[in-house]
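2 protein chains.
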Amino acid sequence: MTTKPWDLPTACAKYSAAGVPGVGLWREWLEGRPLEESRRMLEDHGLRAVSLVRSGFYPYLNEAEKQAACDDNIKALDEAAAVGAPQVVLVCGAKPELSLPENRRHITEGIASLIDHAASVGVKLSIEPLHPMYADCRSAVNTVGQCNDMIDQLGDEWVGIAADVYHIWWDPQLAQEIKRAGKRIIAFHVCDWMTPTKDFLTDRGLMGEGCIDNRGIRRLVESTGFDGPIEVEVFSTRHWARDQDAYLSDIIEAYKEHV
Amino acid sequence: MTTKPWDLPTACAKYSAAGVPGVGLWREWLEGRPLEESRRMLEDHGLRAVSLVRSGFYPYLNEAEKQAACDDNIKALDEAAAVGAPQVVLVCGAKPELSLPENRRHITEGIASLIDHAASVGVKLSIEPLHPMYADCRSAVNTVGQCNDMIDQLGDEWVGIAADVYHIWWDPQLAQEIKRAGKRIIAFHVCDWMTPTKDFLTDRGLMGEGCIDNRGIRRLVESTGFDGPIEVEVFSTRHWARDQDAYLSDIIEAYKEHV
Chain A
1 MTTKPWDLPT ACAKYSAAGV PGVGLWREWL EGRPLEESRR MLEDHGLRAV SLVRSGFYPY
61 LNEAEKQAAC DDNIKALDEA AAVGAPQVVL VCGAKPELSL PENRRHITEG IASLIDHAAS
121 VGVKLSIEPL HPMYADCRSA VNTVGQCNDM IDQLGDEWVG IAADVYHIWW DPQLAQEIKR
181 AGKRIIAFHV CDWMTPTKDF LTDRGLMGEG CIDNRGIRRL VESTGFDGPI EVEVFSTRHW
241 ARDQDAYLSD IIEAYKEHV
Chain B
1 MTTKPWDLPT ACAKYSAAGV PGVGLWREWL EGRPLEESRR MLEDHGLRAV SLVRSGFYPY
61 LNEAEKQAAC DDNIKALDEA AAVGAPQVVL VCGAKPELSL PENRRHITEG IASLIDHAAS
121 VGVKLSIEPL HPMYADCRSA VNTVGQCNDM IDQLGDEWVG IAADVYHIWW DPQLAQEIKR
181 AGKRIIAFHV CDWMTPTKDF LTDRGLMGEG CIDNRGIRRL VESTGFDGPI EVEVFSTRHW
241 ARDQDAYLSD IIEAYKEHV
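These protein sequence lines are chains A and B, in that order.
Position 198 (the first sequence) corresponds to 198 in the numbering used here; numbering is contiguous.
Position 181 (the second sequence) corresponds to 181 in the numbering used here; numbering is contiguous.
These are calculated hints, taken from the structure and not from any lab test.
All of these numbers come straight from a predicted model, not from anything done at the bench.
Some clues are possibly wrong.
Pairs count within a copy or across copies, as identical chains cannot be separated in the list.
Stated by the list, open to error - Straight-line alpha carbon distances no greater than 27 Å define the calculated BS3-like cross-link-like pairs of lysine-lysine that follow:
1. K95 to K256
2. K4 to K198
3. K198 to K95
4. K66 to K95
5. K4 to K179
6. K14 to K179
7. K256 to K179
8. K75 to K4
9. K179 to K66
10. K14 to K256
11. K4 to K14
12. K75 to K179
13. K4 to K256
14. K4 to K183
15. K183 to K198
Next comes chain A alone, as it looks inside the complex (with noise of 0.2 Å):
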């Protein structure tokens, strides 16, 4: 999504000559070929998956909802089973008409009902707490706190956190709460925030543009001894509109510099 312009045939092509060594697969980007087709194109070109995006939005209003989220969660269970992504990224959803514990409550009761499909096919389902600003419609899990809160209800066999700077930086509980997950954090996302940031979605930095200190929370996420692939996401239609491959180039730049 980082490189939006580009279909998954030309990211493979340019990510690979460009050395990088894997890539968040948004399901969007899957869409119009078998999956097994797309296993094969990243293997080809010698790219890991490291997750797919993203499946989640577990609020509901009535019963014909709460299904269409459950078979759409499943869904993404198996095609990232099938395209060889170890995890899903959970954007876990959240109603304004709902109160926040009701929103809450959906949530925890939508992921536990995940977990046994999750282990069948061997994927891990990964809770990405969003911004708070995001709690009225996109999700009602906004804190690294409040996903241990909930991974110490659900288990942590199956399920994990995606910690993306964007939304976590800010949080004054940051340090204590990435060291009581320790091992659940299986996923890493940086990025920058912009001042100002004038679009609630689409207006993110390049690692560098902004104020997060991505180089001191990656250190945080390392030393609970996480060694997976670090994904860069940035959602800017600033960057979207440029070059493509001058941005491929910045973003290698950016985040040898600044993470």
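Keeping the supplied structure of chain A fixed, place chain B upon it in accordance with the hints.
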């Protein structure tokens, strides 16, 4: 600020006629006339000065900025005393050029340096935690829990907390931290969170228009013993564009129904 198109004389007349018992005074509204005259205007209309809004903005890049912030905070305390407001609301500030720990150190030290003057004029310093989406450039104090940690250090004789639902509604630790705060909560602001929110600053809703559980948060706050005035604080270009007499009537309705 909720009825921004009105100046202080107009607001005093309208609020008084509508039976509103008090007002949060923004400093801009006091400019252009002697403070004693503003104080008498409030008294003549039977209006209580609930708070003076705002000072703070402690983080600095150089000594000149540090001194200017200090001077302005002293001035705000004096103004509050002069108009009879028992507290100054602090927007603590943040500089994207500084690390979060550095911003937070400047804030704690800045508040500490004002306590003697606050005591001498009999005006409390009220820390308002701001929503995490403002952590880059408006306030590096973002949760009630963080305020509690700061006040553990600063003492609570002259330092309290202004709890505004807009900033804190999403917090999974809200109930426990409000309970921990107890008598430290000396101001309570209500409004609502719109879905979608179209602007970072001026797209708040009137209570009942959005997803915040104002009544539930009021119960939490009042269970600490808080019995002060509840302030409606809505920044909204949409509502500012309306007829303000009709709007004031809607505010009172919304307050009765949703707070």
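Hints, one by one, checked against the model:
1. K95 to K256: Between copies, since 25 Å is at most 27 Å while 39 Å is not.
2. K4 to K198: both (19 Å within a copy, 24 Å between copies)
3. K198 to K95: Answer is both; intra-copy 24 Å and inter-copy 17 Å each pass.
4. K66 to K95: Cα proximity of K66 and K95: one copy only (12 Å, versus 43 Å across).
5. K4 to K179: neither (33 Å within a copy, 46 Å between copies)
6. K14 to K179: neither (36 Å within a copy, 54 Å between copies)
7. K256 to K179: Within. Shortest intra-copy distance 25 Å satisfies the 27 Å Cα cut-off; inter-copy 45 Å does not.
8. K75 to K4: Intra 23 Å, inter 51 Å, cutoff 27 Å: intra-copy only.
9. K179 to K66: neither (34 Å within a copy, 35 Å between copies)
10. K14 to K256: Within one copy only: 18 Å inside, 60 Å across.
11. K4 to K14: Within one copy only: 13 Å inside a chain, 53 Å across chains, cut-off 27 Å.
12. K75 to K179: Result: close neither inside a copy nor across copies, 32 Å intra and 43 Å inter.
13. K4 to K256: Within one copy, since 22 Å is at most 27 Å while 48 Å is not.
14. K4 to K183: neither (31 Å within a copy, 51 Å between copies)
15. K183 to K198: Neither: 35 Å inside a copy, 38 Å across copies.
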